[in-house]
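Chains as they are written, first to last, in our numbering: chain A, 1 to 255; chain B, 1 to 255; chain C, 1 to 255; chain D, 1 to 255; chain E, 1 to 255; chain F, 1 to 255.
I should point out that these hints are in silico values taken from the structure, not numbers from a laboratory.
Even for Gly, the Cβ is constructed at its ideal location relative to N, Cα and C.
One or more hints might be untrue.
Derived EDC-like pairs: lysine to aspartate or glutamate, alpha-carbon spacing no greater than 16 Å straight-line [said to hold, decoys possible]:
id : chain 1 : residue 1 : chain 2 : residue 2
1  : B       : Lys84     : C       : Glu86
2  : A       : Lys192    : B       : Glu250
3  : C       : Lys189    : C       : Glu235
Covered stretches of chain E, going by a simulated chain F footprint (3 or more residues, C-beta under 8 Å) [claimed, not checked]:
id : segment
4  : 17-31
5  : 194-202
Take a look at the letters that make up each chain.
6 protein chains.
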Amino acid sequence: MKRYQFAANSWAEVHEMERGDKIILIPLGSTEQEGIHLPIGVDTYVAEAIAQAVAKETDCLIGPTLPVGYSEWFLEFPGTISLKIETLTQVLREYISSLTHHGFKKFIFVNGHSGNSSAVDVVSREFIMSHEVQIAMVEIWKIANSLAKDIPKLKENVFKHAGELMTSVMLYLHPDTVDMKRAKVEYVKSNKPHFTVKSTLGPAEFKGVEITLYDKAKGLTESGIMGDPLSATAEKGKIIVNTITSYLIEMVNNF
Amino acid sequence: MKRYQFAANSWAEVHEMERGDKIILIPLGSTEQEGIHLPIGVDTYVAEAIAQAVAKETDCLIGPTLPVGYSEWFLEFPGTISLKIETLTQVLREYISSLTHHGFKKFIFVNGHSGNSSAVDVVSREFIMSHEVQIAMVEIWKIANSLAKDIPKLKENVFKHAGELMTSVMLYLHPDTVDMKRAKVEYVKSNKPHFTVKSTLGPAEFKGVEITLYDKAKGLTESGIMGDPLSATAEKGKIIVNTITSYLIEMVNNF
Amino acid sequence: MKRYQFAANSWAEVHEMERGDKIILIPLGSTEQEGIHLPIGVDTYVAEAIAQAVAKETDCLIGPTLPVGYSEWFLEFPGTISLKIETLTQVLREYISSLTHHGFKKFIFVNGHSGNSSAVDVVSREFIMSHEVQIAMVEIWKIANSLAKDIPKLKENVFKHAGELMTSVMLYLHPDTVDMKRAKVEYVKSNKPHFTVKSTLGPAEFKGVEITLYDKAKGLTESGIMGDPLSATAEKGKIIVNTITSYLIEMVNNF
Amino acid sequence: MKRYQFAANSWAEVHEMERGDKIILIPLGSTEQEGIHLPIGVDTYVAEAIAQAVAKETDCLIGPTLPVGYSEWFLEFPGTISLKIETLTQVLREYISSLTHHGFKKFIFVNGHSGNSSAVDVVSREFIMSHEVQIAMVEIWKIANSLAKDIPKLKENVFKHAGELMTSVMLYLHPDTVDMKRAKVEYVKSNKPHFTVKSTLGPAEFKGVEITLYDKAKGLTESGIMGDPLSATAEKGKIIVNTITSYLIEMVNNF
Amino acid sequence: MKRYQFAANSWAEVHEMERGDKIILIPLGSTEQEGIHLPIGVDTYVAEAIAQAVAKETDCLIGPTLPVGYSEWFLEFPGTISLKIETLTQVLREYISSLTHHGFKKFIFVNGHSGNSSAVDVVSREFIMSHEVQIAMVEIWKIANSLAKDIPKLKENVFKHAGELMTSVMLYLHPDTVDMKRAKVEYVKSNKPHFTVKSTLGPAEFKGVEITLYDKAKGLTESGIMGDPLSATAEKGKIIVNTITSYLIEMVNNF
Amino acid sequence: MKRYQFAANSWAEVHEMERGDKIILIPLGSTEQEGIHLPIGVDTYVAEAIAQAVAKETDCLIGPTLPVGYSEWFLEFPGTISLKIETLTQVLREYISSLTHHGFKKFIFVNGHSGNSSAVDVVSREFIMSHEVQIAMVEIWKIANSLAKDIPKLKENVFKHAGELMTSVMLYLHPDTVDMKRAKVEYVKSNKPHFTVKSTLGPAEFKGVEITLYDKAKGLTESGIMGDPLSATAEKGKIIVNTITSYLIEMVNNF
């Protein structure tokens with residue numbers, strides 16, 4: 001049990017830390033459908049793995065991981081466990097409130113699930129206004145999306161839900177949870193002509209302009225895959241994880 | 001009082017409508033700082049003006065405008081009135097619940113303030129899962145941002161808070177509320193080296209990759225301006241408004 | 001856009017005001033059935049019109065109008081949009097909280113809908129106990145009711161929902177939204193013998209003594225009219241509006 | 001322990017009742033300042049006494065009394081215990097929900113404290129819309145106020161907080177809790193010229209027209225008395241209680 | 001009306017007390033099934049009776065009794081009225097908040113219903129952390145259970161819901177509410193082999209080890225009795241009440 | 001990643017399960033002071049380890065672990081992270097709601113922290129009344145307490161917070177997180193004469209009878225230890241863990 005795990009320290013050890021200087025990484029995951037071939041814990045696994053990789057090389061602590069996020073629109077898919085956004089927001093509020101009560105002042109949410117982001121936004125804005133704290137959020141898959149362009153071997157150079165990037169990362173981190181026999185290429189498709197859907201969260205386009213179109217997830221995707229997982233490999237996954245990790249180590253050191 | 005205003009109809013007239021087919025446009029504004037030279041009601045004025053322009057040319061109704069949104073991070077600036085996000089979410093929930101109770105099934109939020117978007121997201125996802133409804137959201141300034149590239153005269157071809165686009169639109173719609181003598185060029189600036197901030201909402205970059213960095217708005221901008229309003233003109237505003245309106249009329253007709 | 005509109009001022013202009021002395025008028029409306037011949041926005045239209053007429057002659061500001069109030073018991077009538085009372089209370093709490101945060105200390109709710117009153121009561125009592133503020137509420141239709149006795153031409157010298165006073169006011173303010181062809185005389189009628197009902201809100205009498213009897217609105221009135229709108233005229237409406245306005249100007253000057 | 005007390009029945013006895021026909025009287029009290037000479041439990045004592053007197057002569061049941069209501073504006077006076085209005089509303093909601101779950105359909109709130117009324121209103125309207133129930137509320141002091149005109153001996157023929165009527169009723173019901181040596185005449189007085197205040201709840205007048213003016217209770221009354229308790233007698237109290245009781249028995253029999 | 005009743009004092013008398021030293025006993029009851037032969041108000045009656053007996057011999061005050069608690073799992077039995085635990089918690093929070101606002105610092109909850117205990121726990125912990133107060137809770141039936149071993153005549157020397165102890169106490173306090181003709185012996189029985197159930201609240205055993213097994217109350221008991229009420233007598237009840245009272249007087253004097 | 005982890009399955013695999021028969025173990029932990037020599041994650045580590053040991057030998061699934069519980073009274077000790085009990089209750093409600101939505105019907109909470117129990121109670125009672133489900137809770141340390149009597153080598157044959165049992169278990173499971181150099185013997189001590197305190201949660205005794213006495217944790221214990229950890233060994237820990245595991249495997253098989 002490594003000491004970069006917040007939970008691995010005694011209260012006395014926490015007491016003796018330079019709490020005002022310590023950065024706490026807070027992994028946020030989800031339990032939701034991640035395509036027919038990937039485990040429902042993908043976001044949690046990845047947020048934790050990245051946080052650990054970063055903590056190993058820096059002086060950060062990793063706070064307790066929240067494995068259930070806001071994924072209400074995926075409840076049609078068996079296995080999805082979701083909090084309401086109000087509940088997640090309240091959980092984050094009390095989590096940060098406890099830590100600021102102890103004198104911690106620097107927090108970076110390591111967020112594996114974009115559905116959680118608006119709750120993080122709300123709570124972070126509250127605390128920067130009411131306390132002398134510094135807060136950032138990094139969204140793993142957004143970073144993967146940004147960095148993918150510079151990784152030569154990738155076929156999909158943007159992030160797609162359950163596509164090449166996510167599948168590669170899981171083949172690297174937890175290959176035993178990936179069922180490549182079920183993997184297939186599928187893209188979200190709007191049932192409205194002239195509208196293009198970009199994900200099940202709402203982002204869509206009409207005539208090339210970004211609008212938001214709310215649709216039942218099951219109506220947009222059958223398998224839950226919204227990209228091309230077939231070219232995924234563990235080796236690519238390793239490169240992606242390492243690229244993200246290196247990036248975050250540098251970011252953390254400049255925070 | 002035009003009949004495209006929902007509120008201008010009697011209950012009997014509502015009763016006699018083809019309620020299942022009618023699209024209701026729901027203008028969402030804000031009351032918040034919009035730069036030192038623009039009125040705090042900008043988002044509300046613009047959402048209403050656009051909704052009316054669209055309604056005039058289509059068969060939509062315009063629901064009651066919500067003039068106060070989620071703008072908590074701007075409370076440092078005098079005049080800002082903000083709901084908590086949970087309150088705004090609940091207001092939207094009860095608004096849509098009332099309308100679905102009466103048999104309406106098609107809603108388009110005409111959102112003038114991006115801070116409101118996550119509340120719209122949450123409520124819309126709830127209703128598409130629990131009711132047979134169609135819901136979309138258009139964010140005025142996001143559309144302006146997308147369409148700006150195609151408007152030749154503009155100096156800023158992306159949307160900046162209180163910059164050329166917003167100022168031009170206000171010079172066109174409500175010139176008496178604009179004080180160009182106070183206008184000046186200012187950009188948000190992070191107080192952390194190596195980090196670039198994109199708005200007061202959190203979007204930021206570290207080494208060209210998008211992350212989120214929460215900062216007090218007053219620490220990022222002095223005037224509330226985050227762009228260049230100096231080249232704004234009423235004429236450009238008219239073009240922008242008309243471009244957005246034409247776009248939305250087409251979108252509404254395809255919804 | 002007149003500067004007595006709070007929203008028409010920039011944050012800098014708000015900053016430069018004598019905020020502690022400024023009275024803010026807060027128009028509260030509703031979106032609810034107002035009789036078969038009147039638009040569902042009556043209360044909002046009237047609260048706004050009165051607030052503007054008062055602001056023109058005084059030094060008050062008009063805060064953003066809330067067009068949706070607490071009208072749950074009218075949800076049987078198509079078009080009614082209602083907040084729960086807890087939600088409305090919370091909205092008002094955050095509205096006043098934002099304004100007191102900026103140093104405003106004087107508020108007058110200009111309330112067009114009596115269903116909103118208990119929420120105003122609760123929030124006002126909270127703020128006078130926790131802040132150095134002055135708060136009043138004027139209920140437009142209650143004032144109309146009081147003043148009607150002194151207006152010679154009126155047939156109904158008390159206020160009745162959708163009756164002579166309300167209809168006259170709307171014929172004066174927004175004649176295009178009134179459908180006099182549908183107007184007719186109807187009074188609320190209890191389905192319990194020996195009980196007299198006074199409105200759909202509950203007020204009733206048994207043997208001349210005031211009690212409260214809760215009934216479905218649809219069981220008490222078919223058209224939503226609870227008085228005699230047939231003798232209404234725009235001219236009477238003008239007198240009523242002017243009488244209320246004069247009264248309020250004097251009240252505001254003494255506040 | 002009389003069987004008209006709901007709580008005095010076993011679950012089996014409740015089960016065997018004609019639950020759909022039974023009227024349940026629900027006494028609502030308060031714990032708040034009631035003038036310097038009267039006990040803080042006045043409203044509870046009176047609501048219970050009246051409910052019992054009515055139940056003895058009719059076939060009603062008396063539900064559990066709620067002795068703490070909404071009295072927030074009296075918290076400046078020692079001894080006042082208050083719920084927030086949202087909490088009281090929720091308590092009433094769950095109370096009625098439990099009873100309707102068991103098949104009860106007729107409820108009369110016997111309300112000793114006008115501060116509770118808006119919570120009763122809200123919950124009653126909800127249940128008449130969602131269930132096949134009949135609900136009424138009687139406000140003890142409002143009834144006293146209506147009936148006082150017909151009681152010859154009274155000096156104050158309207159109800160005043162801690163005045164002749166309330167003091168008389170307490171001298172009759174619980175004389176040991178009344179300290180007439182402290183009793184004195186006091187009336188609420190606005191600290192604003194030209195405004196007349198009618199109670200600490202807000203009702204006020206400007207130029208004879210009813211408006212609402214919120215003020216700290218302690219600024220309006222020193223002793224908590226808002227009338228003339230000096231002419232109160234137990235004998236008058238007996239007449240008042242009997243008059244109210246007779247009235248309510250008749251009302252209940254017609255409900 | 002004895003002055004040990006908090007509600008029997010005027011605000012002035014409360015003001016003149018040594019509020020910081022005064023212990024306030026807060027009786028908590030319930031309205032729930034208590035076996036087929038006992039009234040649904042048992043817990044309230046007993047908490048009040050004990051609190052009064054203690055107050056008579058000490059210098060304590062008795063705060064308003066809460067007659068409705070958390071009994072949701074008994075809603076299958078007619079007559080049960082229950083708050084949600086969140087509502088009860090909030091009621092207790094506001095109750096104690098009002099009293100600490102007035103300077104009271106010592107509270108003992110006299111709790112007749114174990115379902116209420118977790119709400120008392122939560123609120124008490126909050127207040128000891130945020131205020132300089134002393135708080136204890138005594139659970140009547142737990143004390144009866146502890147003391148029963150030393151009362152020679154009892155057949156059941158532990159407390160059983162609606163068994164000998166509770167029935168005896170009610171035969172002593174309110175014999176007119178007890179229907180011994182319906183009394184019979186019944187014990188809760190799990191419908192799972194190898195599991196033993198101890199009450200309808202959840203406590204159970206598997207192989208002699210304590211676990212919690214949630215079951216519908218109606219599936220565990222038909223009559224609501226979970227012991228042997230047949231040997232109950234008023235005389236035993238008197239001894240039990242006196243034993244508890246003597247114990248609590250001593251405890252209060254040492255608090 | 002073993003397939004007994006719920007999160008390790010894809011939505012399709014969850015879909016193909018016999019969901020109605022599957023038992024889901026839900027580990028509940030805490031992040032709170034656990035004595036000066038033990039890590040703040042003890043309850044989470046142990047709940048997870050036990051759940052895994054049980055799942056390996058049975059057909060259960062392990063749902064996502066909740067690592068933050070209700071520990072508000074320990075917030076004085078650095079490192080404690082606590083939810084409010086209402087928040088934890090809501091989290092559990094939405095967790096179980098998601099799973100019952102997918103057709104799961106059997107849940108066993110594997111609870112490492114007694115502070116969480118009342119939230120589990122509330123939610124479990126709700127779901128057994130509204131759904132056809134079976135729910136149990138096992139509290140690890142209560143089971144350890146029951147079974148300790150039969151483990152010959154133990155010096156403390158009851159469970160004490162941070163005492164021999166807990167320390168032994170941690171020496172076995174995560175020795176690197178235990179700092180035996182800081183371990184020492186300490187017992188909770190009431191600062192009231194004649195009262196004996198049993199834990200920081202409230203349980204106490206006066207004259208041998210169980211009552212509840214709320215005290216600040218820091219006033220009762222300096223080190224957070226409430227027993228004797230000095231005789232703890234990894235070997236004893238192994239026996240304890242295996243004894244609990246064997247017991248639970250049998251219990252699960254009989255559920």
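Hints, verified against the model:
1. B:Lys84 / C:Glu86: holds, 14 Å
2. A:Lys192 / B:Glu250: holds, 14 Å
3. C:Lys189 / C:Glu235: Violated - the C-alpha atoms of C:Glu235 and C:Lys189 are around 30 Å apart, more than 16 Å.
4. 17-31: violated (count 0)
5. 194-202: holds (count 4)
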